[in-house]
Amino acid sequence: MDKALAEFVEMLRYSDVPVTIKETVDAANTVRLIGYQDRGLLKIALSQVMAKTIEEHEAFDRCFDEFFSYRINPDFAPEEEIADPEEDGNGEENGNEADVLDRLDQGSGGINPTSGGGQGGGGLSGSPSGSGSGSPLVDLLERNDRTEITMTMQSAAGAVELQNIVLMTQRGLYSRRIMEQMGLNEANKELFRREREGDETGARRLSGRLDILFEAVRDLVDRQLAFTATGKSKQFRQDILKNVRLSNVEQRDFKHMRELVRRMAKRLTDLNSRVRKVKNRGHLDIRKTMRRNVAYDGVMFETHWKQKQKDRPKVMAVCDVSGSVAQVARFLLLFLYSLNEVLPKVRSFAFSGTLGEVTDNFNKMSPEDAIPLAIEKFGGRSTDYGRAMEDFKELCLDEIDNRTTVIFLGDGRSNGADPRIDILKEVKQRAKRVIWLNPERKSAWGSGDSEMLRIAPYCTTAETCNTLGKLELIIRDLLKSS
Amino acid sequence: MNNNKNWNCYVTLIDKDPAAAIEEIRAGFETAGYICDRHIATSIYLSQKLDKPILVEGPPGVGKTELAKASSEIFASPLIRLQCYEGLDESKALYEWKYGKQLLYTQILKEKLGDLLEGAVGLEASMDKLHEFGDSFYSEKFLEARPLLQALKSEEKTVLLIDEIDKADHEFEAYLLEILSDYQISVPEIGTIRAKNKPLVFLTSNNSREMSDALKRRCLHLYIPFPDTALERRIIQKRVPEIEEDLRNQLVSFVQQLRAQDLKKLPAVSETIDWARTLLLLHAEKLDVDLVRNTLNILLKFEDDIDNMNSDVPKFIAEALKERV
Numbered sequence: 012m013d014k015a016l017a018e019f020v021e022m023l024r025y026s027d028v029p030v031t032i033k034e035t036v037d038a039a040n041t042v043r044l045i046g047y048q049d050r051g052l053l054k055i056a057l058s059q060v061m062a063k064t065i066e067e068h069e070a071f072d073r074c075f076d077e078f079f080s081y082r083i084n085p086d087f088a089p090e091e092e093i094a095d096p097e098e099d100g101n102g103e104e105n106g107n108e109a110d111v112l113d114r115l116d117q118g119s120g121g122i123n124p125t126s127g128g129g130q131g132g133g134g135l136s137g138s139p140s141g142s143g144s145g146s147p148l149v150d151l152l153e154r155n156d157r158t159e160i161t162m163t164m165q166s167a168a169g170a171v172e173l174q175n176i177v178l179m180t181q182r183g184l185y186s187r188r189i190m191e192q193m194g195l196n197e198a199n200k201e202l203f204r205r206e207r208e209g210d211e212t213g214a215r216r217l218s219g220r221l222d223i224l225f226e227a228v229r230d231l232v233d234r235q236l237a238f239t240a241t242g243k244s245k246q247f248r249q250d251i252l253k254n255v256r257l258s259n260v261e262q263r264d265f266k267h268m269r270e271l272v273r274r275m276a277k278r279l280t281d282l283n284s285r286v287r288k289v290k291n292r293g294h295l296d297i298r299k300t301m302r303r304n305v306a307y308d309g310v311m312f313e314t315h316w317k318q319k320q321k322d323r324p325k326v327m328a329v330c331d332v333s334g335s336v337a338q339v340a341r342f343l344l345l346f347l348y349s350l351n352e353v354l355p356k357v358r359s360f361a362f363s364g365t366l367g368e369v370t371d372n373f374n375k376m377s378p379e380d381a382i383p384l385a386i387e388k389f390g391g392r393s394t395d396y397g398r399a400m401e402d403f404k405e406l407c408l409d410e411i412d413n414r415t416t417v418i419f420l421g422d423g424r425s426n427g428a429d430p431r432i433d434i435l436k437e438v439k440q441r442a443k444r445v446i447w448l449n450p451e452r453k454s455a456w457g458s459g460d461s462e463m464l465r466i467a468p469y470c471t472t473a474e475t476c477n478t479l480g481k482l483e484l485i486i487r488d489l490l491k492s493s
Numbered sequence: 089m090n091n092n093k094n095w096n097c098y099v100t101l102i103d104k105d106p107a108a109a110i111e112e113i114r115a116g117f118e119t120a121g122y123i124c125d126r127h128i129a130t131s132i133y134l135s136q137k138l139d140k141p142i143l144v145e146g147p148p149g150v151g152k153t154e155l156a157k158a159s160s161e162i163f164a165s166p167l168i169r170l171q172c173y174e175g176l177d178e179s180k181a182l183y184e185w186k187y188g189k190q191l192l193y194t195q196i197l198k199e200k201l202g203d204l205l206e207g208a209v210g211l212e213a214s215m216d217k218l219h220e221f222g223d224s225f226y227s228e229k230f231l232e233a234r235p236l237l238q239a240l241k242s243e244e245k246t247v248l249l250i251d252e253i254d255k256a257d258h259e260f261e262a263y264l265l266e267i268l269s270d271y272q273i274s275v276p277e278i279g280t281i282r283a284k285n286k287p288l289v290f291l292t293s294n295n296s297r298e299m300s301d302a303l304k305r306r307c308l309h310l311y312i313p314f315p316d317t318a319l320e321r322r323i324i325q326k327r328v329p330e331i332e333e334d335l336r337n338q339l340v341s342f343v344q345q346l347r348a349q350d351l352k353k354l355p356a357v358s359e360t361i362d363w364a365r366t367l368l369l370l371h372a373e374k375l376d377v378d379l380v381r382n383t384l385n386i387l388l389k390f391e392d393d394i395d396n397m398n399s400d401v402p403k404f405i406a407e408a409l410k411e412r413v
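Residue numbers (my numbering), protein chains in the order written: chain A, 12 to 493; chain B, 89 to 413.
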């Protein structure tokens, strides 16, 4: 498999197209079959091998166009990174490396805009004056072998792990590192030496070449950034979002968060929705039972039943949306919303003063509408856990059975009102389990008007939950043991 | 049509230039009355070369099943079809033992038992004697081949269509994995049965549920969307050749406009074809409001949709009448 394809696979993976090893092998076979010449055909063929859903097809198309607009002949010279300007629709500010390096040759002819025409020195290619300078980079530049320079640049890029570049702002850093890896310091010393010794032409020549090299490195970095950054920076951001405190997440990240949360909820339920149990009641499957019992001369030892039961947890989630937890509530509601999308039996409630059900809104509206509506409708009043408990009891205590999980999301600060622990106790007796998720740290529990210390004993688990990562862990446990 | 000739020409072409082979496949489909774009032809080509099944997804009525039928025609191979539904299990899809036959044979052979055990003294010796005959009741003679096994055992290359796989259960998907990746089935009593000729496998799905990753990994993924105007015109031209060109363009334009609306069920290609046939039957020369209103129930299958669209019909017709060649 060639390097170009490997890089393409990596780019796809960062863009949410999970290409497995088997699919990569298939892709390599496809490339062998079809070749790189017919770009349109290759795109169609590869998309069928590598992308397996409609969303993945979209991402694939985007990546393919982006990737192959840079690489025109990857199969001919993959390690030389030659980008052909022929399909130059990419409009990026970076020129291209091959061109820049070409100027190294041209530079000797004196036409070089970047070095300000300072390259007075004549034919450098065979110039003996530079050799033996003690610096490999200077030697390299003096020798002026484009392939060799490119190779050195590539290996330096590998050494500083350029493929890890994520953000635009890291460009300077990585360029510098690559230059240093290639021996910038020695070259600078050589430059000083020449200036000191009055070798003006030599010094100017070297500095001009260093400038060109720097530009080439810069292009290399830019290109790498363009390959991986789109997908990677998204992943980077999501990794950070997972671990940042929910209360600190900005509004503008809400959209990213939504995607992240939805995927999380989907993954969790995918993992767990496949459990099915064969019920030991309902209709007897006569045919299957007979077949199974042929060996016993028709005496029915083994029975087989028609009915199957999907084992999915029934969840009731109660979310505090009052002022004190408003920042977090948005995300907790978002998670509830996503859970609602993937689990059929989630009932969601919101409260600050009074409590009400929001399941219907969640079913009908997009989260951008449903969540602010829930906060507007039930939020804004001072928290009264006692009142909320009473409402909850009235609304749905009868429906809580031994397969129901009840999740409370709130800080347990009841403004001095009686939190009605007795109702919570009743709920716990009926439910399979009661989980209390509190955005506050455990050390703050019980301080001030917090009733958490009284509440916690009546919960199966009471946990601090202030990042998405933690939320995921808790919900995973919930689904696993159900 | 001389199908055999067709088939042979594919075999030779596939070893040539891929682009030409794909074009040839596309042309082959066209002669078989199935108009397809390059995507579809490419995936047929790839599935032949890489020996991979094709998972076809797309809205209902875009010709997913039809693709398998057309393939069976142009490759001149028999089509074996397995319709999936909830509760489908391996005894209906893979194989089953012929229990009746087994029982019958044991009854008939009861009398022979004495002869067989002749000379054997004692229980142990009789048992040994019996063991010599092997598991003759669990041999291929008593194996009832169901569609999947039929496809593998077939002497000639077959086209295997596993229709609406999304309707089947998760377990069934798991049964399929062995066939899809290795073209073989393991029967515990007999062993592994390998395909004599690897069949061309199509799986279709309406996306009523997500397929498992394991299944997707083993397949090429082909998504067939609703055709664009040009393609749909060609389809109608192929399937209803008697219809006048003007009317054809008008009706395609009308259907395309309908698809842009919010409907419970969008009209599919098969419905466009039905409508074209209807208009032909009614000797229509061009679309007019009454005609369309009276025949709208062919395109739209929900009362709500028909009610909602009724008022827009004149607007769509005006737009459709602007269509010229």
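These are calculated hints, taken from the structure and not from any lab test.
There may be inaccurate statements among the hints.
[Stated by the list, open to error] Listed next, with one range per pair, are the computed distances between beta-carbon atoms:
#1 A:K317 - B:A108: 51 to 57 Å
#2 B:D125 - A:N304: 49 to 55 Å
#3 A:K299 - B:L211: 55 to 61 Å
#4 B:H258 - A:G46: 35 to 41 Å
#5 A:A306 - B:S296: 48 to 54 Å
#6 B:M215 - A:R441: 18 to 24 Å
#7 B:H258 - A:D72: 16 to 22 Å
#8 A:D72 - B:D105: 23 to 29 Å
#9 B:L368 - A:S377: 53 to 59 Å
#10 A:A39 - B:R347: 34 to 40 Å
#11 B:L138 - A:D27: 21 to 27 Å
#12 A:T365 - B:H258: 52 to 58 Å
#13 B:L368 - A:N304: 20 to 26 Å
#14 B:H258 - A:K453: 38 to 44 Å
[To be verified] Cross-link-like lysine-lysine pairs, in silico, DSS-like; alpha carbons within 30 Å at most:
#15 A:K299 - B:K374
#16 A:K356 - B:K304
#17 B:K186 - B:K326
#18 B:K241 - B:K186
#19 A:K317 - B:K137
#20 A:K443 - B:K241
#21 A:K54 - B:K137
#22 A:K33 - B:K186
Backbone N, C-alpha and C fix where the C-beta goes; we use that ideal spot for every residue, glycine too.
Checked hints:
Distance hint check: the CB atoms of K317 (chain A) and A108 (chain B) are about 54 Å apart, consistent with the given range 51 to 57 Å. In this structure the supplied range 49 to 55 Å holds for D125 (chain B) paired with N304 (chain A), their Cβ-Cβ distance being about 54 Å. Between K299 (chain A) and L211 (chain B) the C-beta distance comes to about 34 Å, which lies outside the given range of 55 to 61 Å. At about 39 Å, the beta-carbon gap between H258 (chain B) and G46 (chain A) stays in the expected band of 35 to 41 Å.
At roughly 38 Å, the beta carbons of A306 (chain A) and S296 (chain B) sit outside the given window of 48 to 54 Å. Take M215 (chain B) and R441 (chain A): their Cβ atoms lie about 59 Å apart, and the range 18 to 24 Å is violated. For the pair H258 (chain B) and D72 (chain A), the supplied restraint of 16 to 22 Å is violated, since their beta-carbon distance comes to about 30 Å. At roughly 25 Å, the beta-carbon separation of D72 (chain A) and D105 (chain B) lies within the given 23 to 29 Å, and the hint holds.
At roughly 44 Å, the beta carbons of L368 (chain B) and S377 (chain A) sit outside the given window of 53 to 59 Å. Our hint of 34 to 40 Å for A39 (chain A) and R347 (chain B) holds, since their Cβ atoms are close to 38 Å apart. Against the hinted window of 21 to 27 Å, the Cβ-Cβ separation of L138 (chain B) and D27 (chain A) comes to about 24 Å, which satisfies the hint. The hinted range of 52 to 58 Å is not satisfied by T365 (chain A) and H258 (chain B), whose Cβ atoms lie roughly 43 Å apart.
Checked against the hint of 20 to 26 Å, the C-beta distance between L368 (chain B) and N304 (chain A) comes to roughly 59 Å, which is inconsistent with it. Against the hinted window of 38 to 44 Å, the Cβ-Cβ separation of H258 (chain B) and K453 (chain A) comes to about 41 Å, which satisfies the hint. With a CA separation close to 59 Å, the supplied pair K299 (chain A) and K374 (chain B) exceeds the 30 Å bound. Between K356 (chain A) and K304 (chain B) the CA atoms are separated by roughly 28 Å; this keeps the pair inside 30 Å, and the hint holds.
With a CA separation close to 46 Å, the supplied pair K186 (chain B) and K326 (chain B) exceeds the 30 Å bound. For the hint linking K241 (chain B) to K186 (chain B), the alpha-carbon distance of about 17 Å falls within 30 Å, and the restraint holds. With a C-alpha separation of about 42 Å, the suggested pairing of K317 (chain A) with K137 (chain B) is violated against the 30 Å cut-off. Restraint check for K443 (chain A) and K241 (chain B): the C-alpha separation of about 52 Å exceeds 30 Å, so the hint is violated.
Simply put, K54 (chain A) and K137 (chain B) have alpha-carbon atoms about 17 Å apart, close enough for the 30 Å limit, and the pair holds. About 38 Å separates the Cα atoms of K33 (chain A) and K186 (chain B), which puts this hinted pair outside 30 Å; it is violated.
Hint check: violations occur at hints 3, 5, 6, 7, 9, 12, 13, 15, 17, 19, 20, 22; the rest are consistent with the structure.
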